[in-house]
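Q: The chain contents come next:
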Amino acid sequence: MNLEFTEEMMMLQDSLHKFLQNEYDFETRQSLSRTGIGYSEDYWQNFAEMGLLGVPFDEEYGGFGFGQTGLIVVMEAIGKGLIVEPYLASVVLGGLLVQRAGNEEQKEAILPALIAGELKLAFAYVERHSRYNLTDVQFKAEKKGQQYCLSGEKSVVFNAETADKIIVSARTSGDNLTPQGLTLFIVDKDAEGLSCRHYETIDGLRASELSFDNVMVDEKAVVGKLGSAYPDIEYVIDAAAAAISAEAVGVVKELREKTVEYLKTRKQFDQPIGNFQVLQHRCVDMFMTEEQMRSLSYLAAIKVADGEAEERIKSVSAAKVYLGDARAIVAEQAAQLHGGIGVTDELDVAHYVKRLTMMNTLFGDRDYHLQRFGQF
Amino acid sequence: MDLNYSPEEKAFQLEVREFLKENYPKDIQEKVAKGIALKKDDYVRWQKILANKDGWVAPGWPVEYGGPGWTPVQKYIFDEECGAANCLRTVAFGLVMLAPVLMKYGTQAQREKYLGDILNSDVWWCQGYSEPNAGSDLASLQTKAEKQGDHYIVNGSKTWTTHGHYADMMFALVRTSQEDRKQKGISFLLIDMKAPGVSTSPIITVDGMHVVNQVFLENVKVPVENLVGKEGDGWTIAKSLLMHERTYIAQVPRSKRQLKRLKDLASKERNNGKPLIEDANFKAKISAVEIELMALEMTNMRVLSKLSAGEAPGSESSFLKIKGTEVQQAITALLMEAVGYFGLPYIKETMTEGWHEEPIGPEEASVLAPHYFDWRKSSIYGGSNEIQKNIMAKAVLGL
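Just so you know, the protein sequences line up as chains B and H, in that order.
My numbering puts the first sequence at residues 1 to 376.
My numbering puts the second sequence at residues 377 to 775.
I should point out that these hints are in silico values taken from the structure, not numbers from a laboratory.
Check before you lean on any hint, since a few could be wrong.
Unchecked claim - Think about it this way: if two alpha-carbon atoms lie no more than 25 Å apart in a straight line, the pair counts; the simulated SDA-like pairs of lysine to any residue are: (1) H:K650 / B:F376; (2) H:K636 / H:Q389; (3) H:K560 / B:Q271; (4) B:K264 / H:S512; (5) B:K267 / H:S754; (6) H:K765 / B:R372; (7) H:K644 / B:V278; (8) B:K314 / H:N657; (9) H:K650 / B:Q271; (10) B:K267 / H:S512; (11) H:K765 / B:V278; (12) B:K264 / H:S760; (13) H:K636 / B:A328; (14) H:K558 / B:R372; (15) B:K314 / B:L370; (16) H:K770 / B:D270; (17) H:K639 / B:F376; (18) H:K632 / H:S663; (19) H:K644 / B:R372; (20) B:K258 / H:K632.
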């Protein structure tokens, strides 16, 4: 047993921290988040040069071959810096889906370009009434000759605005709410009949509503097996949930450190408010939650990498439940302990709070994962 | 023990209900229902309608000052009916907070000068208590008022000033002398927001909105007749005023309305193809907050019953503030959870104007996360919930 980062992972962490320190202060993040496409294309190219975009992918496609555990380092840093570049959307959701389900031709066409920063992906899996159920897919794909006709809507698709290709989950057969009959298609963003509505999200990122009006694709657009995509979808959502569990650790650490620092400097009643036990205990709770989250994010990454479904599901859901608990223990308390300034737009704390809170929603909230955990 | 209203109270309830149905502007109702930000004009318009109806805008005021002179039970009924009808909550600063202070501590001249304009919403007030370095420890405030002839010269800064950018006047706590106990040298002063030397700077809150401000006071001349009570009475006055604020903060009718909104939303949203409200977990969470609210409502009524018997509000206001804000916050969290992914889209215009195009997900979804984040303030303002617990530990439990 060895639960330490490898030397390569530590080097990667080092360069990420240097990048955050030198290039990515909070003001930079805010101005990127609030203008244009919502992030910096230059930084994205930097990420490509640093090798970041290839971290989880196999070496034969130009990746680092670090797999899911390698993502821990990247995602924690993304949390630490509240990075707005579309890593989760493009590398984690899109890239891992192609690596897992794609055929050799698709992998060769997509992964090296993605790793080089020349191509971006997005994954459309949420629908108006699906909530967190990945089998609630009303989006249809019908075979017409040698082609498929895609029609339906997808909601809250992360970073679709800047994606070159969208992977979309569609029902090719079977009843709604059943895992049978789901198929993945990869579609060019500029395909005829595909329209998008882009918007900001409350946590400073970007997402889109997508509408497919009889978009025609050929058979080569199918990713994975026709009608049997559910295990791939569930896998990649678990991989993404494990990834944001690591991102959340980065966020929680920042919130805990900032709150402790504030308690040491803010004086009321002629003393630092950190002298008050009731506040000390809240910070200790934050710290313990952070460490438990770190443990579960490591476990989830290891189990996603191992590949066995039941253990993967249990550990990922456990990590997500803890992430949901962090809303009350870390996010709400960080705001509370900062007092009024903790709920202002100006202070970075509020933005870490927003990200941590919204991460509860991504890939299934606390209730969803508590139930999912209990099914075994 | 009897929860039922008397025939007179029932008749009153009906009268209020009818009046609200006839006179509450539909456009304001819609804004409130959808959680759209209200403008000063909305408040003034509604408050004037209520003022013209025998002073209903000021349920707590006695008849001699133009109020309706209601009993505590009548006030409760009025509050309930307003909540049920999605009424815009009147702004507390003048009507609920300052007016009782002027009635109790003010001079005849001050009452004549200010109360009428408060009742008619012709003069808009804000509160100048907190300072950048005086939050929970309010008594450490440093804004100075030095007497020079028939004026005070005021210097300092106030913060978290709600509606400061709308306000004509501010009631403020200022330091008029340095004493051995910091509470002693504080005075209660009425400051003209248009006086030279007063400036406000917006503070944008986590939801992206501008409601609170920082106010800077630089050599502001305030006539001595704007002092309420005597020099050094400020802390006593503030304490009596904060108690009014806290009872107001419990907001039971508002929470009941929000709970209904939550149930409606959870009935419409889907989970595994069925209404979300049929999900056992979600239902249990709604029930848990409903039980808290039920207990709070009954506790509130017990306090009211005591008030009817002539007892003054004491530290139960701390209790109501803590439990009231906990319930409010729990409901905002569940509202956000109810819409799942649709809590993410942030379309600022929908918070100020409503939707002009096709909504993303449920129509009201885009305001729910901002409201949840904004509502974190409620356990901070009006004396943080930690401070309220300190008060209760000392005053109620004798610790």
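Q: All the hints need checking, so say for each whether the structure fits it.
A: Here's how the hints hold up against the structure:
no., hint, verdict
1, H:K650 / B:F376, "holds (23 Å)"
2, H:K636 / H:Q389, "holds (20 Å)"
3, H:K560 / B:Q271, "holds (20 Å)"
4, B:K264 / H:S512, "holds (16 Å)"
5, B:K267 / H:S754, "holds (22 Å)"
6, H:K765 / B:R372, "violated (38 Å)"
7, H:K644 / B:V278, "violated (41 Å)"
8, B:K314 / H:N657, "holds (19 Å)"
9, H:K650 / B:Q271, "violated (54 Å)"
10, B:K267 / H:S512, "holds (10 Å)"
11, H:K765 / B:V278, "holds (11 Å)"
12, B:K264 / H:S760, "holds (19 Å)"
13, H:K636 / B:A328, "holds (24 Å)"
14, H:K558 / B:R372, "violated (57 Å)"
15, B:K314 / B:L370, "holds (9 Å)"
16, H:K770 / B:D270, "holds (19 Å)"
17, H:K639 / B:F376, "violated (31 Å)"
18, H:K632 / H:S663, "holds (13 Å)"
19, H:K644 / B:R372, "holds (23 Å)"
20, B:K258 / H:K632, "violated (36 Å)"
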